[in-house]
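> Use the sequences and the hints to build the structure in full.
Chain order of the listed sequences is R, P, X and W. Heads up: take any position in the first sequence, counting from 1, add 60, and you land on my numbering. Heads up: take any position in the second sequence, counting from 1, add 60, and you land on my numbering. Heads up: take any position in the third sequence, counting from 1, add 60, and you land on my numbering. Heads up: take any position in the fourth sequence, counting from 1, add 60, and you land on my numbering.
Don't read these hints as lab results, they were simulated from the structure.
Any copy will do: because identical chains look the same in the list, a pair fits if it lies in one copy or spans two.
Below, a list of computed lysine to aspartate or glutamate pairs in the DMTMM-like style, where the Cα atoms sit at most 20 Å apart:
#1 Lys155 with Glu187
#2 Lys155 with Glu78
#3 Lys155 with Asp81
#4 Lys169 with Glu184
#5 Lys169 with Glu187
#6 Lys84 with Glu72
#7 Lys84 with Asp70
#8 Lys155 with Glu184
Predicted, not measured: the structure shown is a model, and the values here were computed from it.
There are 4 protein chains.
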Amino acid sequence: MRPSAMSVADLEARLSAEFPDTFKRDSGLAILEAWHGGCRVRLGYSPATLRPGGTISGVAMMMLADVTMYVAVLASIGWRPLAVTTNLNINFLRKPSPGALIAQCRLLKLGQRLAVGDVNISTEAGEHLVAHATSTYSIPPS
Amino acid sequence: MRPSAMSVADLEARLSAEFPDTFKRDSGLAILEAWHGGCRVRLGYSPATLRPGGTISGVAMMMLADVTMYVAVLASIGWRPLAVTTNLNINFLRKPSPGALIAQCRLLKLGQRLAVGDVNISTEAGEHLVAHATSTYSIPPS
Amino acid sequence: MRPSAMSVADLEARLSAEFPDTFKRDSGLAILEAWHGGCRVRLGYSPATLRPGGTISGVAMMMLADVTMYVAVLASIGWRPLAVTTNLNINFLRKPSPGALIAQCRLLKLGQRLAVGDVNISTEAGEHLVAHATSTYSIPPS
Amino acid sequence: MRPSAMSVADLEARLSAEFPDTFKRDSGLAILEAWHGGCRVRLGYSPATLRPGGTISGVAMMMLADVTMYVAVLASIGWRPLAVTTNLNINFLRKPSPGALIAQCRLLKLGQRLAVGDVNISTEAGEHLVAHATSTYSIPPS
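Right, here's the structure in full:
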């Protein structure tokens with residue numbers, strides 16, 4: 061596995077500085093591992109992400125999928141914060157029981173202008189997949 | 061246009077009670093209009109939704125698309141809060157300048173078990189479309 | 061409505077020459093109208109497109125959606141046959157009864173590098189929508 | 061790996077009988093392997109699937125993705141030909157050089173009413189992924 065262009069500590073520090081609302085101390089997001097072409101991100105459990113039926117909201121999972129894809133892109137091309145999502149498609153597969161989620165991204169394509177990846181989201185207990193997303197990022201000229 | 065199964069005031073009151081984190085007083089979400097088969101929802105501007113480049117974050121627009129689809133479903137079938145998103149696909153078209161957004165949903169299909177709709181998101185100034193989503197909701201047995 | 065960059069007759073002649081397998085005489089595809097930013101395409105009925113249950117196959121509708129988006133792009137930027145689909149998302153809404161289909165495309169975004177559009181497919185009788193697609197094309201440098 | 065509900069020979073015989081246009085002798089489709097929850101399908105090379113630029117058409121890859129998902133569903137639930145696609149999302153990643161394609165499907169969810177899966181399509185030479193699809197099938201009551 062080729063190493064990440066940035067360390068996990070560096071990624072987290074810069075993301076917190078640029079996106080204080082998303083990566084704030086109590087958001088529960090943590091990068092577990094990052095490499096060239098992918099990463100794993102954890103979303104800690106918070107009652108704020110629940111919706112009726114006692115399950116984690118779809119919006120929390122969409123945010124997690126988008127952040128995980130963003131981290132995978134930055135881990136592969138270095139700090140280019142103006143990379144932006146152009147498409148995200150997500151299927152919600154099962155209602156997760158309350159608890160932390162783990163998202164794993166792999167880039168399917170890393171071109172000069174576009175990166176495409178997929179993200180598998182499962183419960184931390186790992187018993188099953190709860191959502192699956194594919195996403196495209198547009199990469200700005202360096 | 062066939063009227064909504066619930067008034068806008070009733071929809072907002074129940075959504076605020078069930079989803080206090082999303083529909084909290086300062087979230088900026090407001091239902092402008094709802095009818096059988098569709099609705100219009102406004103997301104007020106908040107610096108919290110900005111991302112690098114001074115534009116509104118993709119997560120804020122995904123949340124808006126998902127909420128708008130949910131309101132359109134509830135306006136059509138009445139209060140069934142356990143309806144859940146099974147798929148959401150979104151294309152981000154242009155970087156919105158800072159300001160309020162308007163999302164309009166129309167249901168393309170309203171079946172017994174599934175509802176499918178699309179959502180157009182534009183700036184309130186209305187000069188152009190900034191995102192377009194399609195989404196499927198699973199409808200629980202009544 | 062701004063006129064198409066190419067006439068319908070010219071579009072059909074060039075598409076038949078470049079894609080003889082798709083636009084062959086008996087494929088049933090006909091461009092009804094084209095303008096800058098959109099078009100309407102008809103797919104005639106053929107028993108070959110049926111699948112079990114007596115309905116038109118999903119593959120025939122995906123082909124129709126993709127061709128319609130391609131025609132809308134060419135009508136807007138002129139003859140650039142190397143434009144290619146990068147993403148297509150389609151929802152099948154109702155089983156169409158046997159008969160011709162009409163697809164209408166509008167471009168949601170026409171940039172230098174990417175075009176995004178949606179396509180509504182209905183039966184020619186017009187009673188209802190049978191499928192809805194969104195698609196992105198990558199535009200080669202001119 | 062749990063075995064398929066139907067043998068490959070049985071699947072091919074029934075699909076050829078039900079979908080003579082798609083599974084006809086010269087279509088080049090062959091099921092390489094099938095198991096409960098997935099399968100691999102080969103699409104042989106044919107000049108008819110080419111498009112300008114000498115590459116394989118998107119429509120051929122959409123057909124392959126849809127068929128592969130269908131085979132994975134039938135291999136898991138047995139012969140229920142009225143199962144139908146409700147959604148398909150495909151990203152085209154690289155222009156495949158002329159040659160056979162291999163599609164591999166895994167089901168992400170197999171419920172009573174819905175099955176969701178993803179499909180990776182690569183060249184037979186295997187050097188890289190050329191397309192990635194996710195799809196949902198609606199399963200009729202048995």
